[in-house]
Amino acid sequence: MEFKTECSGAVTVLFVKEDRLDANNSEELKVEMRRIFDSGVKDLVIDLKEVLFIDSSGLGVLVSGYKNASILHGSLKLSNLQSQVKSMFELTRLQRVFDIFITVDDALQSYT
Amino acid sequence: MNVVPGGAADGAGDAHVPSVNLGLLGLSVFVLSLLLVLASKYGRLYCNTLCPVGTLLGFLTWLYTLLLPSLSSSGWVPENLILNGPFGITLLKPTELFGMSGMDLWSHSLFWSMLFNIGAYIICSILFNQNEQERDQVHKFIGTFHREDAQRHTERKRLSKPVTTDQFVTLMSKFIGEAEARSALDSYANDQEMAKDGSVSEFDLPKLKRFTEKTLAGSVGGAAARVIVNNFLSDIGSSMESVYDIFSSVRTNLDQNRESLFVRLKASEIINRTLDLHVIMDDLLTLLVKEFKLDVAMVLTRNTAGSYSVFSIQGEEVTGSDLPRWYQDNIPFIDQVYREQKTHFNNDLRQEETAQSLDQTVAEGFISCAHIPILREGEPVIAVLSLLSKSIAGLFTREFIELLSNLAGQLAQAITIVHEVEAKQVERNQKEAALLQTAKITRDMEIAQQIQRSFLPDSAPIIAGMDLAGRCISAAHVGGDYYDFILRTDRIVDIVIADVSGHSVGAALVMSEVRTLLRSEAKSLRNPHAILENLNIQLYDDLTRSELFITMFYAKFDVNTGELSYSNAGHNNPVLQRASDDTLCQELDTEGLILGVKKDVLFEERSVTLVSGDVLLFYTDGLTEACDKNGNMFGTAGVYRHLKTCLLMSAENIIDSFFDTIHDFVGSQNLQDDISLVVVKIL
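If you're matching them up, the sequences are chains A and B in order. Reading the first sequence from the start, the letters are residues 2 to 113 in this note's numbering. Reading the second sequence from the start, the letters are residues 22 to 704 in this note's numbering.
Warning: the hint list may mix true and false statements.
Unchecked claim - Below are the DSS-like pairs computed for lysine-lysine, each with C-alpha atoms no more than 27 Å apart in a straight line:
| no. | chain 1 | residue 1 | chain 2 | residue 2 |
| --- | --- | --- | --- | --- |
| 1 | B | 461 | A | 31 |
| 2 | B | 620 | A | 68 |
| 3 | B | 544 | B | 619 |
| 4 | A | 31 | B | 620 |
To be verified - Simulated DEER-style distance windows between Cβ atoms:
| no. | chain 1 | residue 1 | chain 2 | residue 2 | range |
| --- | --- | --- | --- | --- | --- |
| 5 | A | 72 | B | 645 | 16 to 24 Å |
| 6 | B | 538 | A | 113 | 30 to 38 Å |
| 7 | B | 662 | A | 5 | 35 to 43 Å |
| 8 | B | 704 | A | 91 | 31 to 39 Å |
Calculated directly from the structure, the hints in this document are not laboratory data. Think of the CB as a built atom: it goes at the ideal place given N, C-alpha and C, for glycine as much as any other residue.
Using the sequences and the hints given, assemble the complete structure.
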């Protein structure tokens with residue numbers, strides 16, 4: 002799975018460079034998020050601009066990331082949700098759980 | 022005796038004339054002999070054939086042009102022959118040969134004799150080459166004019182059989198007496214720092230031989246001394262032979278040489294016998310040491326840090342893979358072999374400049390060495406074959422090096438093969454491990470699948486007024502699908518469909534927990550939203566721990582009233598197709614959240630009244646996310662579209678129809694997720 006990680010102050014932005022986030026690669030995202038949180042980062046923005054499809058496994062990984070951030074008293078925010086991804090969040094009502102932003106900048110703005 | 026030129030012509034018949042003539046005859050013979058010696062000395066052209074031929078021709082000419090006329094004047098030969106030539110041919114007149122007139126008898130004779138002698142000599146020299154023995158002969162005689170020192174440092178010869186100093190003493194004793202011989206040799210030995218026990222190193226023997234010759238030369242003359250010493254040596258079975266001849270076994274044509282073939286045959290036997298490189302190297306080095314009288318043979322390898330270790334060694338004891346201490350000064354040469362991929366050899370380490378750079382090796386007693394790269398054509402050096410000898414200088418002839426390079430090439434091939442075999446073995450092991458791992462995962466999956474299967478109802482309950490059916494088909498990866506029918510009374514049934522995220526034994530275990538909880542919840546007679554809320558609280562900790570979540574749709578249907586009350590925990594919305602209006606598909610959804618994300622979640626509950634002919638389809642995401650070969654998903658649109666076509670079917674047939682459609686849709690693609698369908702049809 003391809004990622005790009007950027008740091009913006011205390012916030013880390015993780016760009017997921019895949020068009021699918023499913024059972025085949027979601028485990029890698031899980032490992033990457035754990036690595037980022039283990040490195041001391043509390044606030045993480047995951048940009049899903051390139052993700053066109055997400056399944057329950059992908060959602061599960063984001064949910065567990067969200068829970069881990071909550072335990073650390075940090076946050077996990079999302080940006081750039083494409084239509085299928087967005088409808089999955091709506092279906093599961095997870096859009097109420099996550100802070101979801103249109104752009105990365107919007108997400109970073111929310112921290113200031 | 023007064024010799025008067027031209028006297029023979031004037032004084033024919035004079036009694037003194039023959040004696041004068043004889044003197045001049047003797048003089049001319051002397052001149053001819055002198056000529057021969059001088060020509061041999063400066064021309065170095067002595068040859069078996071030309072010596073007699075030149076001499077014979079000169080002598081015959083002398084007989085014909087000088088002796089014959091002299092005898093004729095004494096009346097012993099017909100005068101006619103002298104005056105008119107034999108058979109009347111004037112050109113062959115003994116006194117005017119080939120028409121040469123105007124010279125006196127002596128000059129004429131001397132001229133022709135010398136011409137024939139020298140002419141034959143030169144022509145024969147050009148026509149016939151000297152053979153080795155003749156060159157030797159020339160050297161024995163002609164070399165006497167040279168100082169010995171000139172050749173002192175070029176040792177290209179050795180004695181084929183070792184000779185002791187005592188034997189030289191015995192030889193010299195015969196000519197100069199034993200005491201003299203002993204003291205001469207002792208003084209020589211002191212000068213040369215030779216061992217007192219009489220053993221002479223091979224290298225020193227030629228010098229000792231020359232010394233003996235010189236000593237004898239004092240008594241019998243140089244040429245004779247050489248002959249004596251050489252004869253003596255050949256009598257005891259030793260002779261000077263070309264150093265390079267000792268390896269006639271590896272000389273010239275490798276293919277035709279029996280001993281070389283033997284070594285190559287043995288080597289290839291050794292190489293093909295085993296795949297153990299250590300055994301191959303040990304055996305091969307042993308073979309080389311034995312066949313070529315080497316003192317140390319080893320194979321060195323270089324690690325990435327550039328230092329060397331002994332892979333195999335024969336002839337010297339080493340501990341571990343450390344190089345022998347004395348060997349260290351050879352390292353620059355090994356570096357060079359690695360760098361240039363060329364053999365480096367030195368046939369006499371005692372040469373001054375070499376001795377300095379290899380002082381330890383020389384001190385250890387080695388006198389020749391060769392380092393041969395072990396490599397395949399066009400590839401980097403794998404290792405170096407290093408051979409050293411303490412006894413034989415000039416061991417590494419071109420032919421020998423060729424043989425060794427050939428063996429090194431075979432060795433490189435063997436090493437490459439062994440490495441390939443090892444790599445294949447590693448690959449095979451990895452594959453087996455991967456297979457085992459896969460088998461283990463497959464086994465886990467099978468267990469999970471069995472657990473999951475065991476939780477699903479064997480069949481739907483039969484309730485009057487409604488047609489109920491449910492089925493799950495498994496994908497290659499086992500999913501976390503779950504559905505259940507729980508009868509509260511014979512008129513009220515709870516229908517639940519859920520999907521545990523993740524495909525694992527853990528998901529299956531969570532599902533078993535869900536099932537247990539649901540069964541007890543249903544008995545509590547609570548409404549769907551309350552059941553989901555309670556379930557969420559009870560499952561939250563386990564789901565958090567296992568990093569799983571559950572989507573679930575919970576419905577309660579009362580056949581008597583036709584009322585369906587439902588709550589949704591983020592599950593795919595069931596689709597209601599009304600019989601009254603086949604254009605309208607209704608999705609059943611409520612507010613809520615998937616289970617396991619937050620602990621305190623309020624679930625909305627709604628209700629809808631179903632009438633006869635209505636069909637309600639519950640499904641899991643495996644249905645809408647099924648993909649065709651182009652990656653297009655079946656989607657909710659596909660669900661609506663197909664549902665419309667099967668309104669008149671029984672619940673069971675609707676499920677069949679959906680699965681048929683999905684199979685056609687995905688074609689040869691594998692299902693990525695389980696698909697569970699539950700159909701409720703109001704009768």
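Against the structure, the hints come out as follows:
1. With a C-alpha separation of about 23 Å, the suggested pair residue 461 of chain B and residue 31 of chain A falls inside the 27 Å cut-off, and the hint holds.
2. Proximity of residue 620 of chain B to residue 68 of chain A is assessed by CA-CA distance (about 11 Å); at most 27 Å being required, the pair is judged to hold.
3. As the CA atoms of residue 544 of chain B and residue 619 of chain B are separated by approximately 25 Å, the hinted pair is consistent with the 27 Å bound.
4. Of the pairs offered as hints, the one joining residue 31 of chain A and residue 620 of chain B holds, with about 22 Å between alpha carbons and a cut-off of 27 Å not exceeded.
5. Restraint check, residue 72 of chain A to residue 645 of chain B: a C-beta distance of roughly 33 Å breaks the suggested window 16 to 24 Å.
6. Our hint of 30 to 38 Å for residue 538 of chain B and residue 113 of chain A is violated, since their Cβ atoms are close to 44 Å apart.
7. Separated by about 40 Å at the C-beta atoms, residue 662 of chain B and residue 5 of chain A satisfy the suggested range of 35 to 43 Å.
8. Between residue 704 of chain B and residue 91 of chain A the C-beta distance comes to about 34 Å, which sits within the given range of 31 to 39 Å.
In this structure, the earlier hints numbered 5 and 6 are contradicted, and the remaining ones agree with it.
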